[in-house]
Structures are given as structure tokens and as C-alpha cells.
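For the record, the sequence lines run as chains A and B. The first sequence lines up with residues 1 to 114 when you count with my numbering. The second sequence lines up with residues 1 to 119 when you count with my numbering.
None of these hints come from the bench; they were simulated from the model. Any given hint could turn out to be false.
As the list claims (entries may be wrong) - Computed list of lysine-lysine pairs in BS3-like fashion (alpha-carbon distance at most 30 Å, straight line):
#1 B:114 x A:44
#2 A:44 x B:73
#3 A:44 x B:111
#4 B:3 x A:54
Treat the numbers as computed from the prediction; the structure is a model and nothing was measured.
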Amino acid sequence: EAGVTQFPSHSVIEKGQTVTLRCDPISGHDNLYWYRRVMGKEIKFLLHFVKESKQDESGMPNNRFLAERTGGTYSTLKVQPAELEDSGVYFCASSQRLAANEQFFGPGTRLTVL
Amino acid sequence: AQKITQTQPGMFVQEKEAVTLDCTYDTSDPSYGLFWYKQPSSGEMIFLIYQGSYDQQNATEGRYSLNFQKARKSANLVISASQLGDSAMYFCAMRVSPYSGAGSYQLTFGKGTKLSVIP
Numbered sequence: 001e002a003g004v005t006q007f008p009s010h011s012v013i014e015k016g017q018t019v020t021l022r023c024d025p026i027s028g029h030d031n032l033y034w035y036r037r038v039m040g041k042e043i044k045f046l047l048h049f050v051k052e053s054k055q056d057e058s059g060m061p062n063n064r065f066l067a068e069r070t071g072g073t074y075s076t077l078k079v080q081p082a083e084l085e086d087s088g089v090y091f092c093a094s095s096q097r098l099a100a101n102e103q104f105f106g107p108g109t110r111l112t113v114l
Numbered sequence: 001a002q003k004i005t006q007t008q009p010g011m012f013v014q015e016k017e018a019v020t021l022d023c024t025y026d027t028s029d030p031s032y033g034l035f036w037y038k039q040p041s042s043g044e045m046i047f048l049i050y051q052g053s054y055d056q057q058n059a060t061e062g063r064y065s066l067n068f069q070k071a072r073k074s075a076n077l078v079i080s081a082s083q084l085g086d087s088a089m090y091f092c093a094m095r096v097s098p099y100s101g102a103g104s105y106q107l108t109f110g111k112g113t114k115l116s117v118i119p
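Okay, chain B solo, but in the shape it has when bound (with noise of 0.2 Å):
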């Protein structure tokens, strides 16, 4: 079964300062892929990065950069230079193959994390 795990019920972090937003994932899946979504206080689902399993190098979107440990199972989100408007939950996700026990292209979400920029 496909798990994401993220322990930071929630953080801070002062203004234009970096933050590390922690997801661990199980699969026995070789191929997957690893989503982080920004949800603020408005509701929608904000997709902000993604890395795929066999991606050499780690996926980097403005000031968002995913820092991919597969020996570890680890996929840190990097909030650089943090900005009020960062404050908002974050989820991190997996998406499988169906051959993997998933029927299908579903992503699997963690808990989520809430962060908090403050000025």
C-alpha cells in the first residue's frame, strides 16, 4: 500500500526566510510520482511542484524546489525567500502506477502541513 507521511502538524517561519516542509512515502512501486499542493484559506488546490521517480535531477519551480532523497523516501519541499502570502496548508502526494495495487492513476495524500509566515 502507498503511504505519504508528513510530521509537521504545522510551522513557522519569519518573512524572507527558507523553509523545509517534510514528506516521507512508502511504495514497493518503482515508477511514481511526487506532488506538493499549496491550499489557502480560500480552499482551491494549488499544484506548485512535481518529481517523477526516475528524474535525475531534483524539480525546481520559482522559489519552490523539491529536494528528492529516494534512498531515503524522502520529497522536502524548499520555500525559498518565504512571503506572507506562503501561509496555507501543504500536501504532499503520491501518485502509482495501477500495476501496483492502486486501480488506478490516484494520488494519495499526506496529513498536510500548516505554515505560517510571519512578518
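With the rest of the complex left out, here is chain A (with noise of 0.2 Å):
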């Protein structure tokens, strides 16, 4: 069974430019989440998706963050316009039940915003 996967692996962009990053979970996980790791700070939750519907997106920092998840599959989150301070690494998670003992990440997508 295939594991959740991130692309990119890593991403630079200058400051005011947009970066598309996708999320593939597993095979019939219906909750994806979308969590962010800054240099020096805690893992911060962004989103979570159920199939194709935002269940709750209070971690989102701002607008310029866009979560999207058609058809219930995979998974994009666009930065648009890009800033200094959204550099770090960005997980994404997947599990089949809201209350399951595991939560499985991908590999995470490391961006740099210069």
C-alpha cells in the first residue's frame, strides 16, 4: 500500500510569487490534513479535509493560503502571494476514521521563500 505523498519535495520562490503544493494520502483515507512546521516552532495544523469538504480550517494563518481537494482525492494548498515568513516545511496527513489512532504523513514539502 502506497504511503502518502507530497510534491514537491523542496520549493524556493521570491517573496510575491505563488507556489502550488499537492498532497496524494492514502488510498480511501477520507481525512487529509494539512499541518506546517517553521523553523524553531511546534507543528501547527492548518486544515483538515473529510473527502472533499473543509471540516475545519481554523489553522489557515491568512488568505493568501488556499486549500483545495476535488473529487476527494488529492490534495493542493496554494500560497499566493508568497511571503518571508511562510517558509518551513508542510506535512500532509491522511487517516480512514476522524478518531483513529493513526494519522499517516507524507514526507513533507520543504519551501523557502526568499
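Please assemble the complex out of the two chains, which come individually in their own frames, going by the hints.
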């Protein structure tokens, strides 16, 4: 069974540019989460999809971030326009059930905004 | 609000020795889950072990065990017989139900402990 995959693994962009991160959850996992770790800080929750619906987007920092999950399969997280403080590692996780004993994480996308 | 505290920024352990990584948590929700993840230098987050708040016994997974002390709100990870490959960052995390104030079954993480295994 394939794990959670994320693309790209690294992205270096300039301030003001747009970047789109992609996450493919484990097949059959309805729940998809985005998290972010900014350098030196804790891993923070961004948002949660159940299938194609946003269950909770309380962790999204501002309206420069837009997440979608069309068709309830893969998800994208777009940052537009990117700012310096957006640099960090963006993780995607998925689980089969809401109160699952596991959330499986992807390898993360390291975003650097110059 | 939910909070995870990992007080050890870094730990050293001799190969083949056991090590305990500390984690305390704070929540008013009676139903919660506690997770430990390992993040090696390659960056991926590897799930290690899970403990539910109503579980009667401490969780174990191979060389990993979770020392769950509910009254003290602690969930320490014990790694037995440390190996060089155990050198990594270790994160403690908690999941509470949406009814406690969190919007969903999101995980709240601690700052992590960097474990270094010495040959």
C-alpha cells in the first residue's frame, strides 16, 4: 500500500510568487490534514478535509493560503502571494477514520521564500 | 486549550541502553489520544505508538513503549536497547475530540526532542 505522497519535496521561490503544494493521501482515506512547521517552532495544524469538504480550517494563517480537495482524492495548498514568513515544512497527513489511532504523514514539502 | 510539553530539547543515550523521552499534556477533554512520531534527518514523520485515554494498559510496539500516567498527565516514550538508527527528532502529539474546542481531530504537537545515540 502506497503511503502519503507530497510534491514537490523542495520549493524555492521569491517573495510575491505563487506556489502550489500537492498531497496524495493513502487510497481510501477520507480524512486529509495539512500541517506546517516553521523553523524552530512546533508543528501546527492548518486544516482538515473530510472527503472534499473543509471540516476545519481554523489553522490557516490568512487568506493568502487556499486549500482544495476536488473529488475527495488529492489536495493542493496554494500560497499566493508568498511571504518570507511562509517558509517552513508543509506536511500532509491522512487517516481512514476521524478518531483514528494513526495519522499517516507524508514526507513534507520544504518551502523556502527568498 | 490543548497543550503538549516536551521539556528535553536534546538527549544523548549510549547504544544498547534504554532512554525515556518526556511528554506532558494538558486538556480538559476526557477523551483523547496520544501519539509519538519519529522524524529522522531525511524529514519524514514516522508514526511510532498510540495511547488512548481510556486504554487500561500502556501501549507497546516492539522496542517502543509508552509510560502513560493519566493522573500526572504524562505520556513518556521509552525506547529500549537504543540503536544508532534511533537518532532523530521525536514528537509527542495529542488528539482531542472536536467537542473540546478544537475544530476537528487535529493533532497538537510538542516542540520535539532531538535524540542522539552514541556508539
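Hint check results:
1. B:114 x A:44: Satisfied, since the Cα-Cα distance of roughly 18 Å is no more than 30 Å.
2. A:44 x B:73: holds, 21 Å
3. A:44 x B:111: holds, 10 Å
4. B:3 x A:54: Roughly 24 Å between the alpha carbons, so the hint for residue 3 of chain B and residue 54 of chain A holds.
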